[in-house]
Every structure is written in C-alpha cells, then in structure tokens.
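K.L.:
Those protein sequences? They're chains E and L, same order as listed. Going by the working numbering, the first residue of the first sequence is number 1, and it counts up by one from there. Going by the working numbering, the first residue of the second sequence is number 1, and it counts up by one from there.
Quick caveat, the hints were computed from the structure, so don't treat them as lab data. From the three backbone atoms N, C-alpha and C, an ideal C-beta is built for every residue, glycine too. Errors might be hidden in some of the hints.
As the list claims (entries may be wrong) - Examples of chain E residues toward chain L, derived with CB under 7 Å: (1) 82; (2) 236; (3) 238; (4) 240; (5) 241; (6) 247; (7) 248; (8) 253; (9) 257; (10) 258; (11) 387.
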Amino acid sequence: MDWGLILDLTLKAFLGLDAVYYIVAALGMNVQFGYAGLLNFGQAAFMAAGAYGLGMAVNYFEYSWWLGLVVGGVYAAVLALIVGVPTLRLRADYLAIVTIAMAEMIRLIVRSVTHKDKFGGTDGLKGFADGFQDLNPFAQGKVYGIGPFQASNTAVTVLLLVIYGLISLGIGYAIARKRKAAKLVPTTLIAGAITYGITLLITSRVKYLGSELWVLIVGWVLVGIFSVFVYMLMRSPWGRVIKGIREDEDAVRSLGKNVFGYKMSALIIGAVLGMFSGVLFALKNSNVQPDNYSRAVTFYIMTALVLGGLATVTGSIVGPMLFWALLAFTDVFLSELSDAQGRVEIFGIELLKDSSARGQFRLGMVGIGLILLMVFRPQGIFGNRKEMALDGR
Amino acid sequence: MDAELSEYARAAKAALSGVSPEPGVSKPDPILMADSVRRRFGGLVAVDVEHVEVQRGSITALIGPNGAGKTTLFNLLTGFDEPDSGTWNFDGQPLDKVVAHKTAKMGMVRTFQLTKSLTKMSVIENMKLGATGQRGERWWNGLLPFTWRSEEKAIEARAEELLGRFKLTHMRDEYAGTLSGGQRKLLEMSRALMTNPKLVMLDEPMAGVNPALKQSLNQHIKGLRDEGMTVLFVEHDMDMVHDISDWVIVMAEGQIIAEGTPDQISSNPAVIDAYLGAHQGKSLMEDL
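This is chain E alone, in the form it adopts within the complex (with noise of 0.2 Å):
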C-alpha cells in the first residue's frame, strides 16, 4: 500500500476544483438556509443557470466568454425571482417543493431535443471556455506543483512564500478571535507560524495540470471575495435582520421589516452564488451537460454545508474541502487496498468482488461517517453548539 499516493492524492483533492465549486455554491446555499432559513432544494438549477449562460454566451449569443456571467446571472436572478415570488409568502416547506421541482424541470429542458439549437440537449455546450483558457499563463499540458519550493524561478518561489504567509496570518488571525484570546497578536504568530508549516508541507505535496491551475486560481480567489462577501453580510444589520426571519419572521414583519423583499434578496444572492459555482464547474470541464446539475450534486452541496457547520463562514469553507478529501481518500485507500481484479479482502473476508462495487462502497462509508458526525456533533464542525442546542424550544 502506497500511503505517499493516498495522501498526496487527498490533499490534492481537499484544494481541488471539485471543492472550490462546491465552497462557493455551499456559500451561497448557506445564505438562504444557514442564515434566512430557506430551504433551497434547487441550487443545482442555479448551477445550470450559470454554466449554460457561460455556455450559451459564446455559443448561442456568440459574445465573447466574460459576459456569460452576466448572462448566467440574469438566468439566475430571474430563475430565483419565479419560484420566489409564489412562494416566500408561504411556509419555508413550499420553497424546498417548488425548488426540487424547478430544478428538474430546469435540467429536462435543457436535456430535451427541441431545445438542442439552443442548450445542445445531452450532449450539452462545448468550446466556450477557450477564450477563458487563452488566458491560461500556465502551459495547457504541463503538471505544476504549488508548492513555493517546487517553483522553478526564485521569484515564484517568494511570491508563493509571501502569498502562504499572508493566507496563514490570515487563518490564524481568525483562530485568535474565535478563541478570543486574551494576546491577540502572540496567539496570531503562533496559530499563523503553525498554519503556515502545515501548508507549506501540505502544498509541497500536491500537483496540477496547468490547465486545472488556472481555474483553480480563479476560483479561490471567487472563494476569498465571496467568503468576505458573506461574512460582511451577516455582520451588518441586513444579516441581523435575515437571522431574525430565520427565527419568527412574523415577529420580524411586527418590527416594520419587510420580509417578503428581504427573503428574495437573500434567494437571489445565494443564486447568484450558486451561479458562479456552476460557471466554476463549467471552465473546470470546458463542457455543460444537463446531467451534471441532477438532484443529487444539491444535497452533495447540502451534505457539505452540514459536515462544516450551518451559519459559519468556515464551515461552508471547510466542509466542501473534507467533503472532496474524504471521497478522494476512501477512494483511492479502497483501490490500493484491492487485487489486480479490484477485489477487496479484509482479514479474509471478502469486502468488494470487483471494482464495480467500489464506488457505491466508497458513498456508503462517507455516509455511515456523516452519520456518525451528526450523533456525536450535530452542529457541524464550525457550527455552534450553544446556538443548536436552543433548537428544541
């Protein structure tokens, strides 16, 4: 068993795109669930609504690649607009209905063969992205380490070092004050010193394809902006005032706030959010297919959130990333484990007959973990317990 390849292979997908767009579609289902309480089942069609806007953009619009986020977002808006206004004025549960049910009218729209001029129908949208990819100041082919040490200029290698450090500051900064430690700045240099050691070691491992590395780049950067965005949302007043709709919002409308609209713009900033994840997920495959954006990519994205903690800002940061490093890691553990037929012994009993099974099993284990995780810590892994444990009354 080669533990090098496990680990190496799991960090790469910690940071990996596959987290990256789940981070910022999870942000934004975290606004409308985590923080105003409505419970959006559809986030895959905000999805689709930003990659098909990319896509059809370029291919349909025939304009050049960057106004597919406007495009996405006013499919996004709009889309949010139509489920929302018939239902934010009832209970929470109506939302939930008319978004699962949206978001697969959505996908067998797209999917469907009268519209094939236009979303492509299965096959979906192709060739969108080589605008975005021209970009590119990574060779297309060539596999990069990220790791400053691994750079193969001295220049790269300081900016790398400079760039970790101010991210580990940054991370341990966050740490002081959550601890809400009596020496700020000590504490800060010590969490910060100890951050930056664990991702100078982590990053030393992990390599990508130059085309991946830009995407990636991109997308964390969308993660820093709108992970700011959020926090800064839910600092405000207009955050207080969307946790307390959460609460009783008819005990928020008796205090002159207007809930219906307050409703809507928390919907359509999750949207939007949800729209970026899809044009993430669509640069990152340089395709769009209908059947990317099913129901079960939403409660993935909804699986996630919960694993790192309802209203936090972190936990939907953290979440997706050991959503990704888990399925990596049972993955490709079970594949050391197995024989050259992928079959799966264990202590001699048979676990798995062939590789088929692998995948399935691989779920399984994530789920029998996620369960484990809500008996022993409902609130998440950022989430806050005091805040859940007030729940029952």
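Fit chain L to the supplied structure of chain E, relying on the hints for placement.
P.N.:
Showing chain L alone in chain E's frame:
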C-alpha cells in the same frame, strides 16, 4: 389614590370621564378608529365590529372570554390578517390593505400572545433588530460598515437604556432562548419599544407571568402611557385590568358588547353574563 397618579394618567382619566359607557361610543381624540370590520372563518364570524375608537394617550384594555375575537381583531388592525370588509385608520391615515410591516413603520407595534423571542440571537441583537429604518439594513450598505456604524452605535445605546429599564442588562449577551418566560415577555415588549411606537398593542402581556413580575410589568405599562404612548392590550387578569386601564372594551362572540371605565365595566350585567354565563349564581338543579 388620585394623588399618586401622574399627569398623563389624570389627563387620560379626565378626557374619558365625559364619554358615555356604551359600545362603539366616540372619544374626544381617537388615535385608532375602526368601522364595520368583519372577518369570517368559514361559517364562523370571528370579528364583527361596528365601530370602535381608542383614545390617544390612554391605556385601553380589550377583554372578553376565550374565542371572543380579541386576537383576531389585533391581527386585522395590524395587517397580519385581512378582513372581509371594513375600514380603519390610525392617526388619521387609512390602514385597510396596508401590510403588516408598514403599520409598524407608521407607529403601531404589537406583541404576540405566544412570545416571539428570536431564540438563536442574543438579547442585544433582538433589541437592535427593533429599530426601524436602519441604513445598514439594505444589503449594499451592509457591505460598507462606514455607512451604518454611527447609526448602529446610537441604536445600541438606546437598546441598552431600554434593557436597563426592563432589568435585562445582565442578560445582554445571552441567547434570547435562554431567558425565562417572563423575561421573554419583557424582551418582546422592550424590543417593540425600539420601533418608537405611538400605539403599543400588547396581546396578553401577563400570560404565564408570576405575580411579582406582574407588578413590575404593570408599572412598565403605566410608564409607556406616561411617556405619551397609547397602549391597547388584551388581558384576562381582571385585577390587572382594573388596576392599570383607563378604559375597557369588552368583546364577546366577535362583537363589542360593552365599553366604559373599569368601575363601570365591573358592574355591567352584560359583561358578567358574557364572562360567567347568564345563569351564574343559580343552582344547576333549579330547572329540574
């Protein structure tokens, strides 16, 4: 007794002293006026009020047996429910078809029979939520803290002052969900005051509150009037109604059956019938 009364209390008593005690009587300076408000739930007419007025600057009690339509009337007046017919106005402005959050902005705030404290928010956050028209409550301003920081400080100062008055300062940073039932009532009332209301409508402020706290709640409600606010409240506790209200409106089966000062009401035979039944005092065996 009269010597203890504040000038506002005396003014309210004086203004209402000339009003004749009959249902739907007009008052010298009404802040709230409703005409033929009717609400039907299927076959049941829950509220059918011909005419009612609430005197500005007074404490008016709305009493009546369970199912009399008091809470429904509250919901109708504050826009939480829509009547089948009727018009009403608040402070001279028509209120029919005005949605709930706008009535609150106009200066008419209500509390709920089942207390609605926002459990997963701290007490101070609950309070700050009450302030209306905050700049930072638009999301694009929310992203720019400098646009709302000074306003936030002023709101926080006002919230802390109110918490002090309602003796909740020590719970400032606790989750509202950890408060006791009585403290939640206090929190809800003080949060409502954050909207700077002209009319405070309290739906059963004393339900589930222990006698000691009742006394201080009484004082708080009188205090509201003494700051120039008008109070309309629903209550079952007759001692309390008698103690603090300037005027009492009695509802039964959706209609207003009596009005008057507390003294007039407690000797009104229609009220006694409504509360205790027309045959009270008679033996159940008498008809046999």
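K.L.:
So, for every hint listed, does it hold in this structure?
P.N.:
Hint check:
1. 82: 21 Å, violated
2. 236: Holds, because the Cβ-Cβ distance from residue 236/E to chain L comes to roughly 3 Å (cut-off 7 Å).
3. 238: 4 Å, holds
4. 240: 5 Å, holds
5. 241: 6 Å, holds
6. 247: 4 Å, holds
7. 248: 5 Å, holds
8. 253: With a closest approach of 5 Å, the residue 253/E hint holds.
9. 257: OK, holds: residue 257/E within 7 Å of chain L, min 6 Å.
10. 258: 5 Å, holds
11. 387: 5 Å, holds
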